[in-house]
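Q: Build out the structure end to end from the sequences listed, making use of the hints.
Protein chains: 2
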Amino acid sequence: MNKRIRIKDIAERAGVSTGTVDRVLHKRGNVSQKAKEKVLAVMKDLDYEPNIIASTLALNRTLRIDSLLPDFTTDVYWQQPKLGMEKALQAVQHYGIINRPYYFDLFDTISFKKAVKKILDDPPEAILFAPIFLEESMKLLEECARRKIPVAMINTDIRNVKSLCYVGQDSYHSGVLGGKLLDFGLNEGEAAMILNLGKETSNAKHVINKEQGFRDYFTQNSSKNIEIVKSAFEDFDQQEELKNYIMEQLRTHQHVRGIFVINSRAYKLINCMESAALKNIKIVGFDLIQPNLEYLQQNKISFLINQNPVQQGYLGIMNIVGHLLFKKEVEPIQYLPLDIIVNENVEYYLQRELQFDLVI
Amino acid sequence: MNKRIRIKDIAERAGVSTGTVDRVLHKRGNVSQKAKEKVLAVMKDLDYEPNIIASTLALNRTLRIDSLLPDFTTDVYWQQPKLGMEKALQAVQHYGIINRPYYFDLFDTISFKKAVKKILDDPPEAILFAPIFLEESMKLLEECARRKIPVAMINTDIRNVKSLCYVGQDSYHSGVLGGKLLDFGLNEGEAAMILNLGKETSNAKHVINKEQGFRDYFTQNSSKNIEIVKSAFEDFDQQEELKNYIMEQLRTHQHVRGIFVINSRAYKLINCMESAALKNIKIVGFDLIQPNLEYLQQNKISFLINQNPVQQGYLGIMNIVGHLLFKKEVEPIQYLPLDIIVNENVEYYLQRELQFDLVI
DNA sequence: AAAACAACCGTGTGCGCACACAGTTTTGGT
DNA sequence: ACCAAAACTGTGTGCGCACACGGTTGTTTT
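As given, the protein sequences belong to chains V and L, one line each in that order. If you read the first sequence in my numbering, its first letter stands for residue 228, the second for the next number, and so on. If you read the second sequence in my numbering, its first letter stands for residue 228, the second for the next number, and so on.
Listed below are the simulated PhoX-like cross-link pairs for lysine-lysine, each with C-alpha atoms no more than 20 Å apart in a straight line:
| id | chain 1 | residue 1 | chain 2 | residue 2 |
| --- | --- | --- | --- | --- |
| 1 | V | K451 | L | K506 |
| 2 | L | K340 | L | K426 |
| 3 | V | K271 | V | K254 |
| 4 | L | K254 | L | K554 |
| 5 | L | K509 | V | K451 |
| 6 | V | K506 | L | K451 |
Derived by calculation from the structure, the hints in this document are not laboratory data. Quantities reported herein were computed from a predicted structural model and do not represent experimental measurements.
A: What follows is the structure in structure tokens.
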């Protein structure tokens with residue numbers, strides 16, 4: 228195929244005008260059955276593909292994607308999906324895609340509900356959001372399904388309600404992987420702790436899945452008789468209280484030789500541990516945020532599991548755009564790789580985030 | 228900014244015609260200094276950005292990117308950069324980008340030189356290639372620099388000659404990482420082998436870098452007194468000879484408890500090893516090709532390091548396109564992450580390769 | 001039979017830009 | 001002063017598509 232097939236070529240071959248071809252193409256206006264069949268046959272024969280460039284120019288439209296993400300001033304982790312989202316938006320700006328961002332307090336459903344109301348009062352073409360609050364998020368999804376607004380989710384997966392897609396990690400298998408990585412540092416008869424430094428209101432399903440995966444790893448794979456200790460502390464921003472809690476936990480569970488921190492806050496754990504304890508305990512955490520990176524470099528953290536938050540934001544937008552503009556089929560569940568990060572390879576992941584704006 | 232700024236808006240504001248604005252924009256034809264300054268000032272004031280969509284349509288041009296990759300029938304690894312390249316080409320097809328692919332024999336410089344001649348006899352707008360043969364590749368790069376043909380390299384990095392970019396792995400640090408990953412399975416006083424199942428003619432620099440990185444890891448990080456054993460075998464396609472060689476190597480170096488295979492052919496090593504030996508020796512290899520994946524699943528390979536070959540092909544093309552179409556600055560050296568692959572996370576990397584066509 | 005309505009269709013215009021071409025102004029030479 | 005050439009500029013056209021609008025034909029109603 229040397230020359231791109233145009234609707235003019237289709238029209239000539241089918242013996243109709245370009246207006247008729249356009250009407251068949253867009254299922255618009257009236258076209259006789261006879262003309263329709265002729266046009267469709269020629270399109271198929273010539274393998275016609277619309278010129279998205281010309282279509283975009285002619286349409287001269289603006290499509291708005293509203294985003295609803297946790298406020299990154301509450302938790303630095305959320306700067307990263309925002310970064311990925313912004314880079315994707317930059318890449319597709321010339322297609323007339325614009326964004327209206329909304330933020331909510333990670334620990335306050337009121338702010339989430341307020342933002343949802345604003346979004347639905349002036350509905351966009353599509354929504355990208357992080358479903359931190361299960362019940363409220365399901366309501367948003369149901370309403371969007373009713374209004375046929377495509378929704379892409381990141382970070383947390385909600386099933387049983389229709390959405391365009393989920394882009395994020397598989398929390399169960401991140402728990403399995405955490406088990407595997409901790410296992411390298413464990414000997415026969417020692418104990419491993421799974422530590423949740425998070426609030427009860429957020430991501431309960433994630434927590435359960437990670438723990439289950441972690442336990443299943445040791446049940447099914449490790450022959451070292453490892454005891455699993457579960458631990459959780461909500462007031463992780465209270466330094467003294469957290470320190471007391473950690474010290475007490477380590478005293479109570481003296482066989483613990485590995486800790487799997489299931490949120491991005493492994494650094495808060497390490498802030499509370501004495502050097503001697505750190506030498507004897509391997510720590511596996513999540514996410515390449517600055518305080519974690521410093522401890523990884525100091526080998527106080529053995530592994531970080533990268534949830535690819537930048538890519539979540541990026542691909543969330545790209546999937547929406549692919550659906551809206553290119554009429555692409557979208558895979559409903561898209562798990563991102565569970566990157567294993569050590570001091571020797573972390574640099575490349577950090578560079579990757581910076582280079583995202585090279586992608587069209 | 229509610230409405231996109233057009234050249235018409237610039238023209239009105241500067242008191243000239245759109246033809247003059249176009250001439251200033253493209254440094255074409257004649258424009259008086261006075262008009263030029265006015266136009267540039269308005270452009271800057273209004274933060275004008277050309278509409279790439281309209282520009283592409285008006286230009287109605289075809290840009291050809293020639294690719295020069297090793298023949299994937301010789302080595303299955305090379306199917307993957309080809310796949311990434313094809314997906315990128317698909318994504319940018321509507322910009323009028325076409326591809327002419329050339330393939331060469333991985334172990335025969337003649338085929339490479341023949342392909343180079345064909346490319347240069349009918350020069351494309353840009354070239355994507357894998358510089359397997361150092362000397363011949365440098366000649367190609369010098370000629371392209373002379374003719375101002377942008378070249379993107381993947382898999383092997385050639386410095387000191389001008390090119391658009393290199394997208395690939397950092398071979399030194401992949402050696403370092405290999406050392407780290409093997410170190411998990413090693414005890415005091417044991418030995419680690421670095422095994423090269425490759426031909427002398429290919430990628431010598433890569434080999435040297437990986438080995439150096441591997442050695443440096445143990446020198447600088449491991450306190451276990453690990454002896455490093457270097458081993459290489461060229462006739463890796465001769466099953467009996469390879470088996471004899473491996474058996475002899477394992478007899479000679481009985482303290483070897485870990486083997487780092489520095490090409491993608493770890494599976495060939497495992498084909499030659501007896502079950503008993505496999506239980507005592509950890510193996511770290513490269514690349515998610517089918518035979519390796521099977522052994523990873525069977526836990527005969529402990530880790531694979533993913534060189535991201537699909538992404539190399541993909542980003543090689545995307546960088547060229549960004550440069551040609553969007554006049555983007557391209558980062559000259561782009562190292563891809565060194566993914567650590569275990570049985571528990573491999574699935575996500577495989578799925579990622581399949582989903583690439585969702586990206587615009 | 002005439003009028004009204006619906007189905008159907010072709011034509012024209014515009015989206016923002018690239019660039020060819022012809023007209024106007026300026027400059028240089030005689 | 002006159003002429004030719006060069007510099008400069010505005011205008012028109014086309015890229016492929018989306019879609020509004022008016023004209024034609026066929027059908028239904030009066």
